[in-house]
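S.K.: Between the sequences and the hints, there should be enough to build the whole structure, so can you do that?
Protein chains in written order, with my numbering: chain A, -17 to 235; chain B, -17 to 235.
If you are wondering where the hints come from, they were derived from the structure by calculation, not from laboratory data.
Honestly, I wouldn't trust all of these hints.
It does not matter which identical chain is meant; a pair holds if it fits inside one copy or across any two.
Here are the simulated SDA-like pairs of lysine to any residue, each with C-alpha atoms no more than 20 Å apart in a straight line [to be verified]:
#	residue 1	residue 2
1	Lys86	Pro66
2	Lys81	Glu69
3	Lys64	Asn93
4	Lys161	Arg149
5	Lys81	Glu70
6	Lys65	Lys86
7	Lys65	Asp131
8	Lys81	Ala123
9	Lys86	Phe71
There are 2 protein chains.
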Amino acid sequence: MGTVNLSNIPTRAPDDLDRDEAERITRQRAQRIAELHQLLVAEREYAVLIVLQGMDASGKDGAMRNVFGECSPFGLRAVPWKKPTEEEFDHDFLWRIHKQVPAKGEMVIFNRSHYEDVLVQRVHGWITEEQVSKRLASINAFEHLLAYDNQTLILKFYLHISKEQQREELMERLEEPDKFYKHNDGDWKEREHWDAYRAAYEDAISRSEIPWHIVGVDQRWYRDYIMTEIIVDALEKLNMQWPKLVTNFKDKK
Amino acid sequence: MGTVNLSNIPTRAPDDLDRDEAERITRQRAQRIAELHQLLVAEREYAVLIVLQGMDASGKDGAMRNVFGECSPFGLRAVPWKKPTEEEFDHDFLWRIHKQVPAKGEMVIFNRSHYEDVLVQRVHGWITEEQVSKRLASINAFEHLLAYDNQTLILKFYLHISKEQQREELMERLEEPDKFYKHNDGDWKEREHWDAYRAAYEDAISRSEIPWHIVGVDQRWYRDYIMTEIIVDALEKLNMQWPKLVTNFKDKK
Chain A
-17 MGTVNLSNIP TRAPDDLDRD EAERITRQRA QRIAELHQLL VAEREYAVLI VLQGMDASGK
43 DGAMRNVFGE CSPFGLRAVP WKKPTEEEFD HDFLWRIHKQ VPAKGEMVIF NRSHYEDVLV
103 QRVHGWITEE QVSKRLASIN AFEHLLAYDN QTLILKFYLH ISKEQQREEL MERLEEPDKF
163 YKHNDGDWKE REHWDAYRAA YEDAISRSEI PWHIVGVDQR WYRDYIMTEI IVDALEKLNM
223 QWPKLVTNFK DKK
Chain B
-17 MGTVNLSNIP TRAPDDLDRD EAERITRQRA QRIAELHQLL VAEREYAVLI VLQGMDASGK
43 DGAMRNVFGE CSPFGLRAVP WKKPTEEEFD HDFLWRIHKQ VPAKGEMVIF NRSHYEDVLV
103 QRVHGWITEE QVSKRLASIN AFEHLLAYDN QTLILKFYLH ISKEQQREEL MERLEEPDKF
163 YKHNDGDWKE REHWDAYRAA YEDAISRSEI PWHIVGVDQR WYRDYIMTEI IVDALEKLNM
223 QWPKLVTNFK DKK
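M.R.: Set out below in structure tokens:
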């Protein structure tokens, strides 16, 4: 999608956006997403894949809660991607991903995704640059397949957090009892590779054929405001229709 | 792999090949395949995918029995591909295929495969020519992924039967009690599309990046002779080794 320089993209809301007004609109849109999701399930013509990527503490969990929280659980599935199992490591990196893609009539949210395989593995030098290039090409071919052969709408979000804001978020996990469960010493270790992760993200986003949405997330209310806007717009564009009645029922007494 | 014209490729053994001698060699090679398969399982560095395609009654089942019959069932899996289920139809054509590809240390035999989706669907006009081209590109990208990202050796066989021989084989299914279970009226129906299938096969084989092996199968003993030769050669080339002993065991009393 052309070369992306994340440093040039703000992580915060524009000054003239009113927070209360934005939150009001976000609630409406979340409701609209739930309605469109019902239509998706009923029509069963399209599949929807939402990809959430971002640095640690960039607010992926909160985004799921606030953006999709109004949707029915039927036809909705959240898939959190962790370190591969031994069985998964014995396959190509897209094997476990492909199994979990949405069927027609389904919306699936990937919390992290196949992009981790060109991020964490690259930052730590576990794969060669040649392997990275092959994987980025495979990702494009894979996403293309989902799109043309199963009518899959793919919406990819990079949750764009500043380094300072990440520090604040990680600190809260050490200080607030209802966030202790999210704390992981390893996140502070990964933070030391901030610049390498940023470079890997910029490259992955730049070389991606299906474009990414880069969303400033330093204020969580702004993240939800933008994400709901993008998702409502994209779902509206599908122009989904309630299926026509099919019946042989004749008894009208 | 360059344009293939099946009419120019014989379906029978060369006249100077002695059948008894060929069968003796085939038995030795089938034994060697079993040994190499043990090494594959033990070393767990490579995956092996065998694809069997061919017209109805071209001898796919028999090939499995005679070529892989000496192998241990552990680390070996035969996957017969039938008409997709409703759940499978709600996904892209490679979704169900990807789930079944071999892990490292495993040999998987596809009886029919992802190629059916550019054969039967094309012959019957269920997909457009544009869709066929996209699918052939996706197949190449998919096989490439298996090869580079999971060290998968892919051996694809087109079992090349003559139209006359197919008639004989199908007739046997109507006449011999131990073949009744294979009979299907639909096979005679598909036979009417012989030329269209041949053209679709030639095109799929020609546009495939990983080359196909075209094996004359009018004499089943010749099919086994050639297939075992190709498979032994390919497995030998992997140069697999028994893993070294890894131990902290010190007690030698």
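S.K.: For this structure, which hints from the list above don't hold up?
M.R.: Structure breaks no hint.
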